[in-house]
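If you read the sequences in order, they're chains W and S.
If you use the numbering used here, the first sequence closes out at 475, no skipped numbers anywhere.
If you use the numbering used here, the second sequence closes out at 475, no skipped numbers anywhere.
Please note that a few of the clues may not be correct.
Per label pair, the in silico range of CB-to-CB distance [stated by the list, open to error]:
(1) S:P187 <-> W:D383: 49 to 57 Å
(2) W:D383 <-> S:H317: 20 to 28 Å
(3) W:E217 <-> S:S319: 14 to 22 Å
(4) S:L363 <-> W:I185: 22 to 30 Å
I should point out that these hints are in silico values taken from the structure, not numbers from a laboratory.
Just so we're clear, the structure is a prediction, and the values are computed from it rather than from any experiment.
Quick reminder that beta carbons are idealized off the backbone N, C-alpha and C, glycines included.
Protein chains: 2
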Amino acid sequence: MSAGWFRRRFLPGEPLPAPRPPGPRASPVPYRRPRFLRGSSSSPGAADASRRPDSRPVRSPARGRTLPWNAGYAEIINAEKSEFNEDQAACGKLCIRRCEFGAEEEWLTLCPEEVSSYPAAPWWVRGQLGKSGHYWALFDGHGGPAAAILAANTLHSCLRRQLEAVVEGLVATQPPMHLNGRCICPSDPQFVEEKGIRAEDLVIGALESAFQECDEVIGRELEASGQVGGCTALVAVSLQGKLYVANAGDSRAILVRRDEIRPLSFEFTPETERQRIQQLAFVYPELLAGEFTRLEFPRRLKGDDLGQKVLFRDHHMSGWSYKRVEKSDLKYPLIHGQGRQARLLGTLAVSRGLGDHQLRVLDTNIQLKPFLLSVPQVTVLDVGQLELQEDDVVVMATDGLWDVLSNEQVAWLVRSFLPGNQEDPHRFLKLAQMLIHSTQGKEDSPTEEGQVSYDDVSVFVIPLHSQGQESSGH
Amino acid sequence: MSAGWFRRRFLPGEPLPAPRPPGPRASPVPYRRPRFLRGSSSSPGAADASRRPDSRPVRSPARGRTLPWNAGYAEIINAEKSEFNEDQAACGKLCIRRCEFGAEEEWLTLCPEEVSSYPAAPWWVRGQLGKSGHYWALFDGHGGPAAAILAANTLHSCLRRQLEAVVEGLVATQPPMHLNGRCICPSDPQFVEEKGIRAEDLVIGALESAFQECDEVIGRELEASGQVGGCTALVAVSLQGKLYVANAGDSRAILVRRDEIRPLSFEFTPETERQRIQQLAFVYPELLAGEFTRLEFPRRLKGDDLGQKVLFRDHHMSGWSYKRVEKSDLKYPLIHGQGRQARLLGTLAVSRGLGDHQLRVLDTNIQLKPFLLSVPQVTVLDVGQLELQEDDVVVMATDGLWDVLSNEQVAWLVRSFLPGNQEDPHRFLKLAQMLIHSTQGKEDSPTEEGQVSYDDVSVFVIPLHSQGQESSGH
Chain W
2 MSAGWFRRRF
12 LPGEPLPAPR
22 PPGPRASPVP
32 YRRPRFLRGS
42 SSSPGAADAS
52 RRPDSRPVRS
62 PARGRTLPWN
72 AGYAEIINAE
82 KSEFNEDQAA
92 CGKLCIRRCE
102 FGAEEEWLTL
112 CPEEVSSYPA
122 APWWVRGQLG
132 KSGHYWALFD
142 GHGGPAAAIL
152 AANTLHSCLR
162 RQLEAVVEGL
172 VATQPPMHLN
182 GRCICPSDPQ
192 FVEEKGIRAE
202 DLVIGALESA
212 FQECDEVIGR
222 ELEASGQVGG
232 CTALVAVSLQ
242 GKLYVANAGD
252 SRAILVRRDE
262 IRPLSFEFTP
272 ETERQRIQQL
282 AFVYPELLAG
292 EFTRLEFPRR
302 LKGDDLGQKV
312 LFRDHHMSGW
322 SYKRVEKSDL
332 KYPLIHGQGR
342 QARLLGTLAV
352 SRGLGDHQLR
362 VLDTNIQLKP
372 FLLSVPQVTV
382 LDVGQLELQE
392 DDVVVMATDG
402 LWDVLSNEQV
412 AWLVRSFLPG
422 NQEDPHRFLK
432 LAQMLIHSTQ
442 GKEDSPTEEG
452 QVSYDDVSVF
462 VIPLHSQGQE
472 SSGH
Chain S
2 MSAGWFRRRF
12 LPGEPLPAPR
22 PPGPRASPVP
32 YRRPRFLRGS
42 SSSPGAADAS
52 RRPDSRPVRS
62 PARGRTLPWN
72 AGYAEIINAE
82 KSEFNEDQAA
92 CGKLCIRRCE
102 FGAEEEWLTL
112 CPEEVSSYPA
122 APWWVRGQLG
132 KSGHYWALFD
142 GHGGPAAAIL
152 AANTLHSCLR
162 RQLEAVVEGL
172 VATQPPMHLN
182 GRCICPSDPQ
192 FVEEKGIRAE
202 DLVIGALESA
212 FQECDEVIGR
222 ELEASGQVGG
232 CTALVAVSLQ
242 GKLYVANAGD
252 SRAILVRRDE
262 IRPLSFEFTP
272 ETERQRIQQL
282 AFVYPELLAG
292 EFTRLEFPRR
302 LKGDDLGQKV
312 LFRDHHMSGW
322 SYKRVEKSDL
332 KYPLIHGQGR
342 QARLLGTLAV
352 SRGLGDHQLR
362 VLDTNIQLKP
372 FLLSVPQVTV
382 LDVGQLELQE
392 DDVVVMATDG
402 LWDVLSNEQV
412 AWLVRSFLPG
422 NQEDPHRFLK
432 LAQMLIHSTQ
442 GKEDSPTEEG
452 QVSYDDVSVF
462 VIPLHSQGQE
472 SSGH
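For reference, chain W alone in the conformation it holds in the complex (with noise of 0.2 Å):
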């Protein structure tokens, strides 16, 4: 994604500037330098925070890097907005066990390392409890890559702690109302019942959690290292046969099927929430400080306008009505623009996302991170209730790729080139790649008049079929 007064862009080569020593005010929490993600083929792997040294960063290659992560062909392009890729993605085995009591197991872990030892079967089926799941992320930083390399390194420890906290109800044919499993009212079990709370309830609230403890880790990390930035998270896991995508921003995950585009996710911006922003901004109108007016108008009003009845929304509109101008409505609005242009405060391209702890409008004291949520929109598929064919894959992707191509024109893609590929071992990796490069304004491009993506790109092909994991050459 992009935001407004943050495309500056940085030249090859260009330090970052250096993270500062935490001062007077940081967080106890000690800063540890960010590690950025390995990208090269040969060392596959998504570094997991909490377990293992800090490596030496390693700078992304300006434009094709390749990740080619177990059960999920990953391919990112960066349009060299900053030296480092504003574009993170994390991608690895979930593997949850059941904690006995006294028992020191690792509850989760990302271990990359374990690919070639993967059984057969395709990943949907072995991602039951006590077997191994996937977690697929990716982050679409903004203000430089400190969040989205923060939440790549981050939040799949986060969902780990989240997962965790309630595993004894994961594993319960339905979620108990006791965590313990102790009964105290002989009916909770109907209770628990008459109010549908099923174990994917359980993982959808870990998700929601683990989105808003990784924000509140990396408002502290940035806070302690001096640093600022935000980034959108899109989120995928496999449990228990059922993929969960978590979506907070603009990146986008669809599935494709032979007849059948599924949107996975929503996207969230000024224009998606603009009631809810609104709303905030009538409750509290100090979080305004009287430089913006909370009304929507179809553009920004001048001095000519005064007096005339103009249209205009407010929170509790979805229709439009008619207004007469008064000096008030003037001011700058609080959501303007329209589309990719649409903007939240003039500053921010998305409603939802991690960090922006202290972000504000450029040369005022006006907060964004009030208007922001953290909290990510959660859709289930069941996979296992699918029949799959052999090309269903999950389609996940930054705003880079949607700009320039709809959800039919990638669909298009994917059924254009996965059944003349099938005995190649690279076909989902390759089919990413095909996916970045027609945002490049290629001749053979299916974008409308060769529209150019000018963003971050980067792609996930997630395989469904038990085919596609054999195929993919591990």
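Assemble the complex: chain W is given as a structure, and chain S must be docked to it using the hints.
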């Protein structure tokens, strides 16, 4: 709909509490005794509060009141919870005329007397601007019928005012940035185009504003007369070839065609709006006065649960998690109960509607109004784009119907009845009657296990096809 402690049954003939004269805190708006809908088949019509002199209230018969309105067929049954039906309906022709400068034209009339002068064209063709549209409304009262009666007498006038205010925008090809059509910026039309603002957005805005205005009128009138109560509101408006359905509460409208069942509204209850309501209590904890807990649990907690980890949800969660029970969690939950039994603050079964300005939790000073929205959600059915069949209808009904009949069961009844009765000029009325009777536990009822509705029930059947209009016997 029903409201927890409002479920007092008034005995037939027992008078309602007499309205008190306005006290010192009464609104300056003079109290007008509400007029009741005249329900006999010989005098169909909806009163226009702003134009017609008050008429003596006519008590609705306890059961089986028949309202064969023009272009819509209503059947209303009173569950005798009060002497007057808590369900109220309004329906009529809707004429909007463009007011030329200086001309004293009527802008909108609800004029059922003109039914016989209807041309043969279907209502949705005639519903062009400058010609007539239609208005149907169902109001389901709680705490007495006062709010529902006021809404039935008032809302269409509010809608008229709101549509009047934007009529210049409605008649333009595209709503102009400035209501007077003057172009201050040469690219103003382009700004409006880019925002995708169409005439239908002005109708949606007018409906949203009309509901709010009506809510304010009800608040003033009830306060002035010392009465209390609230109501849900479900409104359908035909205009310019489209059907707008605005809903605030738990009534429902569906489109039934030969091969399609399409919901045209969505219910607003403490369950469906849980996150919005919890969010408000999070922002303004003082609204709960220390008496309620914002959190949701599968059941109300008690002393034995203290210190245990139990399932819970907070405002930011769509999933569930576990928390350790503290003393404050033992308070009564902000939203409690399940399905039909779910209550906001232990009191109210809906989260949107009109009125309830004085409603407080029993024996406390805790107000419900801050948690209620009067804003409807509006859906638009582009009738002109449908290839209409003769038996395509819209069914609007209060929750008394939907509590015992599913959308599919209603559609089954529609499809079973209409094709065999195409010659019957009263078939839509009979269908409405049959739908009502199906909620009364008759042997041939399609409801599961002979379910019976003990609530008031009101049904509109609106034929969409011109044939339905022609065969209606007018």
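Given a hint of 20 to 28 Å, does the C-beta separation of D383 (chain W) and H317 (chain S) actually sit inside it? Cβ of D383 (chain W) to Cβ of H317 (chain S): about 24 Å, so the range 20 to 28 Å holds.
Could you check the hint for me, namely that E217 (chain W) and S319 (chain S) are 14 to 22 Å apart, CB to CB? For S319 (chain S) against E217 (chain W), whose Cβ atoms are near 20 Å apart, the range 14 to 22 Å holds.
Mind checking the hinted window 49 to 57 Å against the Cβ distance between P187 (chain S) and D383 (chain W)? Since the Cβ atoms of P187 (chain S) and D383 (chain W) sit about 53 Å apart, the hinted range of 49 to 57 Å holds.
Assessment of proposed distance window 22 to 30 Å (beta carbons of L363 (chain S), I185 (chain W)): Taking Cβ atoms as reference, L363 (chain S) and I185 (chain W) lie about 28 Å apart, which means the hint holds.
Hint violations for this structure: none, all hints satisfied.
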